[in-house]
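Construct the entire structure; sequences and hints are all you get.
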Amino acid sequence: KAGVTQTPRYLIKTRGQQVTLSCSPISGHRSVSWYQQTPGQGLQFLFEYFSETQRNKGNFPGRFSGRQFSNSRSEMNVSTLELGDSALYLCASSLGTSANEQFFGPGTRLTVL
Amino acid sequence: QQQVKQSPQSLIVQKGGISIINCAYENTAFDYFPWYQQFPGKGPALLIAIRPDVSEKKEGRFTISFNKSAKQFSLHIMDSQPGDSATYFCAAGQAAGNKLTFGGGTRVLVKP
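Protein sequence lines, in the order shown, are assigned to chains B and Z.
Under the numbering used here, think of the first position of the first sequence as 41, with each following residue one higher.
Under the numbering used here, think of the first position of the second sequence as 922, with each following residue one higher.
For the record, the hints were derived by calculation from the structure and aren't laboratory data.
Any given hint might turn out to be false.
Ranges between beta-carbon positions, derived for each pair [as the list claims (entries may be wrong)]: (1) B:T93 <-> Z:S931: 38 to 48 Å; (2) Z:M999 <-> B:T93: 14 to 24 Å; (3) Z:E977 <-> B:G43: 36 to 46 Å; (4) Z:Q935 <-> B:N99: 37 to 47 Å; (5) Z:K926 <-> B:R149: 19 to 29 Å; (6) Z:A1016 <-> B:S67: 22 to 32 Å; (7) Z:K979 <-> B:E122: 41 to 51 Å.
By construction, the Cβ of each residue, glycine as well, lies at the ideal position given by its N, Cα and C atoms.
Structure follows, in structure tokens:
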């Protein structure tokens, strides 16, 4: 069974731009969660989607948004990029939405210049 | 109250030795405690997880010990191998939802 895939793997943007990252969960998994990983703040939860609905949201500004499609694929968007948004963005998929095992993708490395 | 504290930040162990990583949490609503292993350039990989109804869980060379009253849990890596050199993260989650709160990570180096 294929794992979680994330595209693109690397991205370079400049301040003020916006970016869209994509995640395809493991086949059959309906929950997708997004995390930001930085050396300073570690791994922080952004949001979770299940059946196209946002179920949970972390403590991030409104510039960070996401959505999930009917095939469970998910996208996250960051608008008005700031230097501090440079990070590894990780997507994790899970069967359901009740503390199930979460499987992470390889991440998208975003660099904001 | 959502914090998970992990120690030590880094650890050096000889091949064949035991690596021990500790985590403490504050929120008593947490009821799911996974450990992840991450290699450079890769996403975290689920190693082993425990729920509070058991005090210990073992899978191969990896063991989780859980102390509900102390709100602490730990990962033991037995017979450590150079291939175990990675960063390890503890995490905590609640039954409702998939939000995980992660510890700060422990960088483990196993010397041959």
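Okay, the hints, checked on the actual structure:
| no. | hint | result |
| --- | --- | --- |
| 1 | B:T93 <-> Z:S931: 38 to 48 Å | holds, 40 Å |
| 2 | Z:M999 <-> B:T93: 14 to 24 Å | violated, 42 Å |
| 3 | Z:E977 <-> B:G43: 36 to 46 Å | violated, 29 Å |
| 4 | Z:Q935 <-> B:N99: 37 to 47 Å | holds, 41 Å |
| 5 | Z:K926 <-> B:R149: 19 to 29 Å | holds, 27 Å |
| 6 | Z:A1016 <-> B:S67: 22 to 32 Å | holds, 25 Å |
| 7 | Z:K979 <-> B:E122: 41 to 51 Å | holds, 45 Å |
Hint check: violations occur at hints 2 and 3; the rest are consistent with the structure.
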